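Just so you know, the sequences run in chain order A and B.
Numbering-wise (this note's numbering), the first sequence opens with residue 1 and increments by one.
Numbering-wise (this note's numbering), the second sequence opens with residue 347 and increments by one.
It is possible that part of the hints are untrue.
Claimed, not checked - Some but not every residue of chain B turned toward chain A, in silico, with C-beta under 10 Å:
#1 537
#2 550
#3 607
#4 654
#5 665
In case anyone wonders, no lab produced these hints; they're calculated from the structure.
In this text the structure is predicted, and so the values were computed from the model without any measurement.
Glycine included, each C-beta is placed from N, C-alpha and C at the ideal position.
Next come the chains, spelled out residue by residue.
2 protein chains.
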Amino acid sequence: MIINGQEHRSVSFKDGKVLLINQNKLPHTFEITACESYQQVAAAIHDMTVRGAPAIGAAGAYGMVLAAMSASDQNFSKDMEIALAFLLASRPTAVDLKNALHQVHADIISCLPDINKAKEIALVSAERFTDASAEDCRLIGEVGQELIKDEMNILTHCNAGALATVDWGTALAVLRMAHRKGKKFFVYVDETRPRLQGARLTAFELQQEGISHAIITDSMAGHFMQQDRIDLVITGADRICLNGDFANKIGTYSLAVLAKAHNIPFYVAAPQSTFDLNCEKGNDIQIEERSVEEITHLNGKLIANPGSTAFNPAFDVTPGAFVTGFITCKGTINPSDIRVLNPSME
Amino acid sequence: MIINGQEHRSVSFKDGKVLLINQNKLPHTFEITACESYQQVAAAIHDMTVRGAPAIGAAGAYGMVLAAMSASDQNFSKDMEIALAFLLASRPTAVDLKNALHQVHADIISCLPDINKAKEIALVSAERFTDASAEDCRLIGEVGQELIKDEMNILTHCNAGALATVDWGTALAVLRMAHRKGKKFFVYVDETRPRLQGARLTAFELQQEGISHAIITDSMAGHFMQQDRIDLVITGADRICLNGDFANKIGTYSLAVLAKAHNIPFYVAAPQSTFDLNCEKGNDIQIEERSVEEITHLNGKLIANPGSTAFNPAFDVTPGAFVTGFITCKGTINPSDIRVLNPSME
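Chain A on its own, in the form it takes in the complex (with noise of 0.2 Å):
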């Protein structure tokens, strides 16, 4: 992606450092954060520093690079087991993670009992992750971009972007490749509370994509979709279950809901890495719970009365029976026929 000229992936590994675009101090600060442990690297997932589903598989594929780097000769395995655990544990929701930690390990543990060819194959399997999150998201941009038409009003959900996914964007990539393909078209940019992803993140990859939007809370959507404002919803997913029921950003499903109601399109863009072929249904999905704060709290300052509580559940789940189609880099599929993208991770 462009920021500011330059081309960069969210996610990056250089100097024996994994390079995290730090997503909680943006669009007000561009700043790399550089993590120099598989305990740092866990700790910037958790805290969002990376956040985006296929961004915190790459930053967890590069995270098992780092435990290899680090690992004693003489308990290599359990050190590579003890980091996989680390790593695994610091967002339960996304399924690319898992699916990037078990792929990087799976090649290491593959090459024992030589423990060089392990450190070394470490790195070439995290890359090629991380190549192909990135590539993928190329392919979907290229799919996508066939549904927006120009006038087009289109509606999306906290950040799918190329700082969620290495690089490109899942529902972003679609909008960044009809813009480069010359379409005209508007975006509504649904705030996201409580993190504000869609008015910090999405906003600003827009702007330096030179794409026209406008940010509103995410309360109004239903309002602009009465108006006939809305022409088109797509979001991006955190896992896809067999089904077709998908985890998503908390008020997701309200949208999709919505869409419905309105008769809109409701699409979801997602890389191979997002599909969880061995969960059957959405109920199988563990939603993550966040901190109270992040709703009662914004830069560190009360928001809301003192003496209340908040739940704060940071993904919801939404059936498949609600989604138009999911743009995969094989094409864009029915909800239905998810078991036969037989997908590369598996």
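Using the hints, position chain B against chain A.
Showing chain B alone in chain A's frame:
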């Protein structure tokens, strides 16, 4: 309402001043703002120092008293007309303001040419509106509390509390009265972006009253409905049309669609002053568009991408078909029966 152990009204009149609980400073600071001119009252309505349809009606009524006190003897009628227009322009959507202003204005004009009597009657008329509004809301509580059962989970949006209505509240009058009758229930409080009236004011009122509650982001309502954790939705209103369509805080329409999709009863509580028998249908309601900075900034600090704009409709319109019943001082009525209400305002 009880605040810190003392009885208060959100709007009152004392020693030639209109006294307003400053709702922009709550819950962090409890402060009474004193207005000494009708222009100050209009400014306080516009900047939401006082907010809530019935409360701005009462503030407007007292504003007319200040206008009558300061009007010139030579141009009394003309001055009153100017004041009426000025106060009317402070906020366009809630009909209570219009109803209150026209009522006090008519009472004043009916005394002419006796200007002294007109000035006297202004206060009598404003007090009558304010007392009637408070009593109306108390009755709403009596009527509505019958809907509340033990163990219920109730969702409310924005602040339809005592702060919004001189005293008691509308939606919150129902909860306040049910609580005082010993019923045990739980309230989900939509934070209500952009101005957080739920997180700040409703949570504050519920806490003062000792009612169990938790704040959620507006985007979570659908998720909790999907999980069968909401049994009932109650909101207030800013203007109710003859056909049952009503305007209320942005996000209400989304809630109504979600409630219908989950077969959850959706009630609207409102005093007589909120019914607009001159308004046939929702399309005729003017929706106030407020400043972009309410979305992009919080407490004066930029929270969104600096280069991005925002849309900020302050209200939306929900069709009557989504309303299970209107809770009024005269009983709970069907959306199709509003014509028979014949509110005292008319």
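Status of the hints after comparison with the structure:
Nearest Cβ of chain A to the Cβ of residue 537/B: about 7 Å, under the 10 Å cut. The hint holds. Against a cut-off of 10 Å between C-beta atoms, the interface hint on residue 550/B holds, since the closest Cβ of chain A lies about 4 Å away. Checking residue 607/B against chain A by beta carbon gives a least distance of about 5 Å; that is within 10 Å, so the hint holds. The beta carbon of residue 654/B is positioned within 10 Å of a beta carbon in chain A (closest approach about 4 Å), and the interface hint is therefore held.
The beta carbon of residue 665/B is positioned within 10 Å of a beta carbon in chain A (closest approach about 9 Å), and the interface hint is therefore held.
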